[in-house]
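J.: From just these sequences and the hints, can you work out the full model?
Chains as they are written, first to last, in the working numbering: chain A, 1 to 64; chain B, 65 to 128; chain C, 129 to 192; chain D, 193 to 256; chain E, 257 to 320; chain F, 321 to 384.
Calculated directly from the structure, the hints in this document are not laboratory data. Note that this is a predicted model, so its numbers are computed, not measured. From the three backbone atoms N, C-alpha and C, an ideal C-beta is built for every residue, glycine too. Any given hint might turn out to be false.
[As the list claims (entries may be wrong)] Below, simulated DSS-like cross-link-like pairs (lysine-lysine); rule was C-alpha separation at most 27 Å, straight line:
{"no.": "1", "chain 1": "D", "residue 1": "Lys236", "chain 2": "E", "residue 2": "Lys286"}
{"no.": "2", "chain 1": "F", "residue 1": "Lys356", "chain 2": "A", "residue 2": "Lys30"}
{"no.": "3", "chain 1": "F", "residue 1": "Lys336", "chain 2": "A", "residue 2": "Lys30"}
{"no.": "4", "chain 1": "D", "residue 1": "Lys222", "chain 2": "E", "residue 2": "Lys292"}
[Stated by the list, open to error] Just the calculated beta-carbon pair ranges, DEER-fashion:
{"no.": "5", "chain 1": "D", "residue 1": "Arg253", "chain 2": "E", "residue 2": "Lys286", "range": "20 to 26 Å"}
{"no.": "6", "chain 1": "C", "residue 1": "Lys164", "chain 2": "E", "residue 2": "Gln268", "range": "26 to 32 Å"}
{"no.": "7", "chain 1": "D", "residue 1": "Gln211", "chain 2": "E", "residue 2": "Gln275", "range": "17 to 23 Å"}
{"no.": "8", "chain 1": "E", "residue 1": "Pro265", "chain 2": "D", "residue 2": "Gln211", "range": "21 to 27 Å"}
{"no.": "9", "chain 1": "A", "residue 1": "Lys16", "chain 2": "D", "residue 2": "Leu226", "range": "41 to 47 Å"}
{"no.": "10", "chain 1": "F", "residue 1": "Lys350", "chain 2": "E", "residue 2": "Gly310", "range": "42 to 48 Å"}
{"no.": "11", "chain 1": "C", "residue 1": "Lys144", "chain 2": "E", "residue 2": "Gly310", "range": "14 to 20 Å"}
Protein chains: 6
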Amino acid sequence: MPNIIIEGPPIQDLNKKRQLVRELTDTAVKVFGLPKETIVVLIKENAPENVGVGGELIIDRHTK
Amino acid sequence: MPNIIIEGPPIQDLNKKRQLVRELTDTAVKVFGLPKETIVVLIKENAPENVGVGGELIIDRHTK
Amino acid sequence: MPNIIIEGPPIQDLNKKRQLVRELTDTAVKVFGLPKETIVVLIKENAPENVGVGGELIIDRHTK
Amino acid sequence: MPNIIIEGPPIQDLNKKRQLVRELTDTAVKVFGLPKETIVVLIKENAPENVGVGGELIIDRHTK
Amino acid sequence: MPNIIIEGPPIQDLNKKRQLVRELTDTAVKVFGLPKETIVVLIKENAPENVGVGGELIIDRHTK
Amino acid sequence: MPNIIIEGPPIQDLNKKRQLVRELTDTAVKVFGLPKETIVVLIKENAPENVGVGGELIIDRHTK
Chain A
1 MPNIIIEGPP IQDLNKKRQL VRELTDTAVK VFGLPKETIV VLIKENAPEN VGVGGELIID
61 RHTK
Chain B
65 MPNIIIEGPP IQDLNKKRQL VRELTDTAVK VFGLPKETIV VLIKENAPEN VGVGGELIID
125 RHTK
Chain C
129 MPNIIIEGPP IQDLNKKRQL VRELTDTAVK VFGLPKETIV VLIKENAPEN VGVGGELIID
189 RHTK
Chain D
193 MPNIIIEGPP IQDLNKKRQL VRELTDTAVK VFGLPKETIV VLIKENAPEN VGVGGELIID
253 RHTK
Chain E
257 MPNIIIEGPP IQDLNKKRQL VRELTDTAVK VFGLPKETIV VLIKENAPEN VGVGGELIID
317 RHTK
Chain F
321 MPNIIIEGPP IQDLNKKRQL VRELTDTAVK VFGLPKETIV VLIKENAPEN VGVGGELIID
381 RHTK
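T.: See the structure below:
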């Protein structure tokens with residue numbers, strides 16, 4: 001604790017995941033004033049057929 | 065925002081996912097009075113070996 | 129299970145909450161083909177100072 | 193309801209999952225005084241490349 | 257990590273919360289084989305007007 | 321979507337919340353390459369009697 005959960009699309013590039021975790025952690029350290037080791041980040045990758053925006057699946061928006 | 069997260073069993077039929085997103089979004093639009101585009105739905109599919117009900121995994125209930 | 133979690137703004141009107149739970153449950157019953165009693169809905173109300181959209185707190189957007 | 197969600201590393205051994213669900217449910221039954229059948233447990237398995245601790249992905253810590 | 261989130265009704269008795277955290281943590285330590293200090297438990301208390309079961313708010317079930 | 325949820329202790333200072341939302345959003349924009357307006361941040365404040373670390377409530381750790 002604190003924990004940060006990111007619900008987003010799949011991320012292919014491992015370096016993007018590294019950047020995400022590094023920068024989100026740095027922000028949390030600054031705001032909460034807690035040691036870096038206490039910050040946990042969970043990256044949740046959601047397939048486009050499992051996400052709806054505006055009543056439509058992302059997968060259907062992409063095929064338009 | 066608003067966001068709707070559904071934790072349920074796997075859904076094989078893509079049309080079921082379409083229906084889920086369409087109807088959940090319609091309900092949220094009516095209740096919150098916000099534009100359709102602001103509503104995000106996340107479908108979370110849980111394998112039967114990762115869900116417990118009444119202290120038992122679903123996978124064990126199904127094999128009885 | 130299935131569980132539906134709605135993250136949204138505060139809802140003052142109890143009847144809106146009743147409508148939300150009734151309609152989200154009806155949709156889940158239709159899509160999953162499971163008994164009504166298995167569907168749980170959690171309404172999460174978020175204060176406008178705890179929600180950010182586009183990098184800004186909602187509370188700041190409203191005072192513009 | 194109540195629902196218990198566990199965000200952890202992957203669990204290979206099905207008996208570990210059985211134990212997790214059985215014991216978490218027993219605890220919830222004792223504390224809430226509700227029937228066993230009302231307790232739902234969701235096990236969420238997170239790949240080591242999707243978890244960050246202290247600003248670093250678990251996958252990078254393991255290769256050190 | 258691992259993190260355990262419990263979504264349940266309000267808990268008045270602080271000792272019940274202590275018991276919940278102690279026992280859930282003990283179970284996680286046994287199953288994951290990780291040090292006690294890594295286990296985080298979040299207790300989420302939900303007002304009965306914000307929980308629906310079977311299409312009805314808990315608050316309505318209680319007044320029947 | 322993407323959505324970022326931060327589970328942490330209460331934050332008294334509104335400017336800290338502003339900073340949290342601004343910086344988390346900036347990171348998400350860079351990593352996902354999506355427009356700022358699509359990023360939603362939810363700040364979840366947890367009372368110290370509702371968080372357990374190492375099997376103990378935070379509230380008990382503070383009174384030691």
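J.: When the structure is checked against the list of hints, which entries are broken? Sort them ascending.
T.: none
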